[in-house]
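*Asks:* Spelled out from the first residue to the last, the chains are:
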Amino acid sequence: MKSRLAILLFCALSIGCSGFSPRPISRFELQTPRPFGYLIGDEIRHRVVVETGTDMSLNLNSVPKQGEVNRWLNLNRVKIETDAETGDTVIDLVYQVFYAPNEVKMLSVPGFSLQFNQAGKTVEQAVPAWSFSLSPIKELAVRKDEGGLNYMRPDALPMALPTQNQRLGLYASLTLALFTAGYLAYLYGYFPVWPKRRIFKRAAGELSRLSERELERGLAVIHHALNTLNGRPLFKHKLSDFYQAHPEYQRAAESMEWFFNFSNQVLFAGRQSFDGQDWRKLNDLCRLCRDIECGRL
Amino acid sequence: MRALKHRLIWALLLASMSLGVFQCWSLYRVHRENQWMAELNEGHDIAVDKLVKGAPEVRLARAAYLRQKQRYDEALDTLSVIVGLGDARLQSKSRYNLGNLYLTQAMVEVEAGRINQAMPLLTLAKQAYRQALALDSGFWDAKYNLELAMRLLPEFDRVSPTEPDDDAAKPSQLWTTVPGFPRGLP
Numbered sequence: 001m002k003s004r005l006a007i008l009l010f011c012a013l014s015i016g017c018s019g020f021s022p023r024p025i026s027r028f029e030l031q032t033p034r035p036f037g038y039l040i041g042d043e044i045r046h047r048v049v050v051e052t053g054t055d056m057s058l059n060l061n062s063v064p065k066q067g068e069v070n071r072w073l074n075l076n077r078v079k080i081e082t083d084a085e086t087g088d089t090v091i092d093l094v095y096q097v098f099y100a101p102n103e104v105k106m107l108s109v110p111g112f113s114l115q116f117n118q119a120g121k122t123v124e125q126a127v128p129a130w131s132f133s134l135s136p137i138k139e140l141a142v143r144k145d146e147g148g149l150n151y152m153r154p155d156a157l158p159m160a161l162p163t164q165n166q167r168l169g170l171y172a173s174l175t176l177a178l179f180t181a182g183y184l185a186y187l188y189g190y191f192p193v194w195p196k197r198r199i200f201k202r203a204a205g206e207l208s209r210l211s212e213r214e215l216e217r218g219l220a221v222i223h224h225a226l227n228t229l230n231g232r233p234l235f236k237h238k239l240s241d242f243y244q245a246h247p248e249y250q251r252a253a254e255s256m257e258w259f260f261n262f263s264n265q266v267l268f269a270g271r272q273s274f275d276g277q278d279w280r281k282l283n284d285l286c287r288l289c290r291d292i293e294c295g296r297l
Numbered sequence: 001m002r003a004l005k006h007r008l009i010w011a012l013l014l015a016s017m018s019l020g021v022f023q024c025w026s027l028y029r030v031h032r033e034n035q036w037m038a039e040l041n042e043g044h045d046i047a048v049d050k051l052v053k054g055a056p057e058v059r060l061a062r063a064a065y066l067r068q069k070q071r072y073d074e075a076l077d078t079l080s081v082i083v084g085l086g087d088a089r090l091q092s093k094s095r096y097n098l099g100n101l102y103l104t105q106a107m108v109e110v111e112a113g114r115i116n117q118a119m120p121l122l123t124l125a126k127q128a129y130r131q132a133l134a135l136d137s138g139f140w141d142a143k144y145n146l147e148l149a150m151r152l153l154p155e156f157d158r159v160s161p162t163e164p165d166d167d168a169a170k171p172s173q174l175w176t177t178v179p180g181f182p183r184g185l186p
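Note that the protein sequences, when read in sequence, are chains A and B. Start counting the first sequence at 1; every next residue gets the next number (my numbering). Start counting the second sequence at 1; every next residue gets the next number (my numbering).
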C-alpha cells in the first residue's frame with residue numbers, strides 16, 4: 001500500500017513539475033500553396049512560422065541559402081523576419097522549379113532542419129519535404145515549323161517605348177511657362193483689363209512721341225501718370241502719403257523731388273530756359289517709374 | 001527684393017521653356033525609336049549608327065530581325081550588348097531571345113547530325129531561358145521553349161518521392177545525354 005502511494009506521489013510530482021518547463025518551440029507551421037498544377041518555371045512560395053521563447057535565436061546557417069537547391073529546383077528568395085519581443089520567426093522561401101516532365105509528375109521540395117540556439121544548447125525543428133505535381137506544357141509529338149525545325153515560340157519583340165512621362169513633362173512645363181508668361185505680361189502691363197499696370201508704359205509711349213521743345217507737355221504727361229496712380233492729383237507736399245500708399249516708388253524719391261521742383265518752376269514760376277539735360281531727367285524718371293511698375297526694381 | 005522676385009520669375013519662365021524644349025526633343029526621340037522598331041519588326045533593316053544612341057529596345061528589335069535573317073553572329077553580338085540593360089522585363093526578353101538564338105542554332109546542328117556542336121548550344125539556351133524565367137516567372141514563351149530545349153537535351157531523372165535519387169545532386173558537367181526528340185512516338 002505504501003509503495004503504491006509512493007509511486008502515485010512520484011507520478012503526480014513528475015506531471016506537476018513538467019508543467020514548469022515550457023516547450024522551447026511553442027508553435028511550428030509550414031504554410032504551403034496548392035500541391036498540384038505547376039508548370040516549368042513556376043514559383044512556389046513557402047512560409048515557415050515558428051514561435052519560440054525570446055531567449056532563443058535562429059541559427060541563420062540552418063536556413064537554406066539562395067541559389068540552386070538541386071538540378072531542377074532553385075531557391076530564388078529567402079526572407080527572414082524575427083520579432084524580438086514575441087520571439088516569432090517567419091521565413092519566406094520562394095522556390096522556382098525547372099523540370100520538364102513528359103507527363104504529370106510528382107516532385108518534392110526537400111525538407112531541412114532549422115536550428116535555434118538557447119543558452120548554449122541547440123534546439124532543432126524539422127521542416128518536412130513538400131510534394132507537389134508538375135505538368136508538361138508541350139505535347140509529346142514532334143511539331144515542325146515551315147523551316148522543318150522543331151516548332152518553338154518566336155522571339156519576344158520589345159513593346160513600343162512609352163511616351164507618357166515625356167508628354168506629362170511637356171504639359172507640365174508648358175503650363176508652367178504659360179502661367180509665368182501670363183504673370184510677366186500682367187506685370188509689364190500687356191493686359192488692357194488692368195490699366196493700373198500700364199500707367200507709365202503709356203506715359204513712356206507718349207513721351208517718346210514728344211520732342212524736347214514740348215517739355216511742358218512732357219511734364220503734364222508725367223503729372224497725369226502720377227495722378228492716375230495716386231487716384232487723385234498728387235502734389236509735392238503729399239508725396240509722403242504717396243510713398244506710404246506706394247512704398248515701391250520710394251526708390252524714385254530723388255527724381256520725384258526734382259520733378260516737382262522743376263515742374264513748379266516751369267508751370268508756376270514761368271521758367272523758360274530748359275536744356276536737353278532736363279528732358280533726359282524727365283525721361284529717366286518715366287523709365288524709373290516704369291521699371292518700378294513692372295517690378296524690375 | 002522685388003527685383004530678385006522679378007528675376008526669379010524670368011528664370012522660372014526660362015527654365016520651364018527649356019524643360020518644354022527638352023521634353024519635346026525626348027518625345028521626338030522616343031517616336032523616332034518606335035518608328036525604327038516598327039521598321040525592324042516589318043523586316044526592314046536600319047542603319048547601325050542609329051543603334052549607338054538608341055534605347056536597348058531598338059537593339060532587341062534588331063537582334064530579332066537578325067535572327068529572322070539567320071545572321072546569328074550579329075544577333076548574338078547585339079544581344080550581348082543589352083543583356084544586362086533595362087528593367088527586369090526587358091532583361092527577361094533579351095535573355096529569352098538569347099535562348100532562342102542558341103536553340104535555333106542547336107536545332108540546325110541537330111538536324112545536320114552535328115551532335116557535339118548542338119550540346120553546348122542547348123545548354124546555353126537552357127541557361128538563358130532559366131535566367132529569363134527567374135526574372136519573370138510568368139513568361140509563357142520562355143517556359144515553352146525551355147521545355148523544348150530540355151526535351152532536346154534531356155536531363156535524365158529518376159525522381160520519385162520514395163527513392164532518393166540523383167536529382168538531388170547538382171548537375172554534372174559531363175555530357176551524358178544525346179540531344180534530339182525520340183522518334184516513333186504516337
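Keep in mind that the hints were calculated from the coordinates and are not lab data. From a predicted model like this one, the values you see are computed outputs, not experimental measurements. Just so you know, not all the hints are guaranteed correct.
The following label-pair restraints were derived from C-beta to C-beta distances [to be verified]:
(1) W140/B / V90/A: 40 to 46 Å
(2) A47/B / P33/A: 47 to 53 Å
(3) A3/B / Y190/A: 15 to 21 Å
(4) A88/B / L297/A: 54 to 60 Å
(5) K50/B / N59/A: 35 to 41 Å
For every residue, glycine included, the Cβ atom is placed at its ideal position computed from N, Cα and C.
*Asks:* A3/B and Y190/A, beta-carbon distance inside 15 to 21 Å?
*Replies:* Given a distance of about 20 Å, which is inside 15 to 21 Å, the answer is holds.
*Asks:* Can you tell me whether the CB distance of A47/B to P33/A sits inside 47 to 53 Å?
*Replies:* Given about 50 Å between the Cβ atoms, the range holds.
*Asks:* How does the Cβ-Cβ distance of A88/B and L297/A compare with 54 to 60 Å: does it lie in that range?
*Replies:* Once the Cβ atoms are compared, 56 Å apart, the range 54 to 60 Å for L297/A and A88/B holds.
*Asks:* Is the hinted range of 40 to 46 Å satisfied by the C-beta distance from W140/B to V90/A?
*Replies:* violated (32 Å)
*Asks:* Is the hinted range of 35 to 41 Å satisfied by the C-beta distance from K50/B to N59/A?
*Replies:* With a Cβ separation near 56 Å, K50/B and N59/A fall outside 35 to 41 Å, so the hint is violated.
Of the numbered hints given earlier, the model fails hints 1 and 5; all others are met.
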